[in-house]
Amino acid sequence: MKIRESGMPEENYWKSFFDVPEILHAMEINESVEHLAEFGCGYGTFTIPAAKVIGGLLFAFDLEEEMTKLVETRGKESGLENLAVITRDFVDTGTGLPKKSVEYLMLFNIMHHSDPERIYKEAFRILKPGGKIGIIHWRSDIDTPRGPDLSIRPKPEDLLKQFDPEKFEVFKKPFNLGDFHFGLILRKKMI
53 MKIRESGMPE
63 ENYWKSFFDV
73 PEILHAMEIN
83 ESVEHLAEFG
93 CGYGTFTIPA
103 AKVIGGLLFA
113 FDLEEEMTKL
123 VETRGKESGL
133 ENLAVITRDF
143 VDTGTGLPKK
153 SVEYLMLFNI
163 MHHSDPERIY
173 KEAFRILKPG
183 GKIGIIHWRS
193 DIDTPRGPDL
203 SIRPKPEDLL
213 KQFDPEKFEV
223 FKKPFNLGDF
233 HFGLILRKKM
243 I
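Residues 53 to 243 (my numbering) make up the sequence shown, in order.
No lab work stands behind these hints, which were simulated from the structure alone.
Where a beta carbon is used, it is the ideal one built from N, C-alpha and C, also for glycine.
Don't take each hint at face value.
[To be verified] If you anchor each label on the Cβ, the simulated ranges turn out as follows: (1) GLY148 - GLU74: 30 to 36 Å; (2) GLU86 - SER166: 31 to 37 Å; (3) GLN214 - GLU133: 17 to 23 Å; (4) ASP193 - SER166: 31 to 37 Å; (5) GLY131 - GLU209: 41 to 47 Å; (6) GLU80 - GLU209: 31 to 37 Å; (7) GLU209 - LYS152: 17 to 23 Å.
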């Protein structure tokens, strides 16, 4: 199921909105992460840099074959051997990853999806107990030069109500990331 349109701009313009090293650091994506999945890799803005810093494999998913081919090519050009790029509808059909197989899941700029519960369901299935979900999204309290329509942007308080508190807990409360985004980190409970 395609995520509601957010108007992906030209790539260099898109990249100008992010300080990727700062975001990866703030979101606790580092060498301690052995297995990471990314839902909606897009241009690979975070994919390639994350694959370079984690200690293991990164599984990048996107519905758009054009995007996955681009990211796969960039991974090869960067000499990455720890990157698997998969064209798949991870919302409708799941990821195909084994249960409890990843320590970290990146949900960057996709939580304006019309059915976030399905994303959390697959997140719960693939995350190891204690695994983290890093979420970043466009702020809705200010004007931003891009991003989905304000009417479908989740506010931090909306995201805190979307997940099942029996399955996930807040690990890092919502915080501002740069000028236009916010982030938060959830953790899968040890159940």
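Run through the hints listed earlier and report the numbers of any the structure violates, in increasing order.
Hints 3, 4, 6 and 7 not satisfied by this model.
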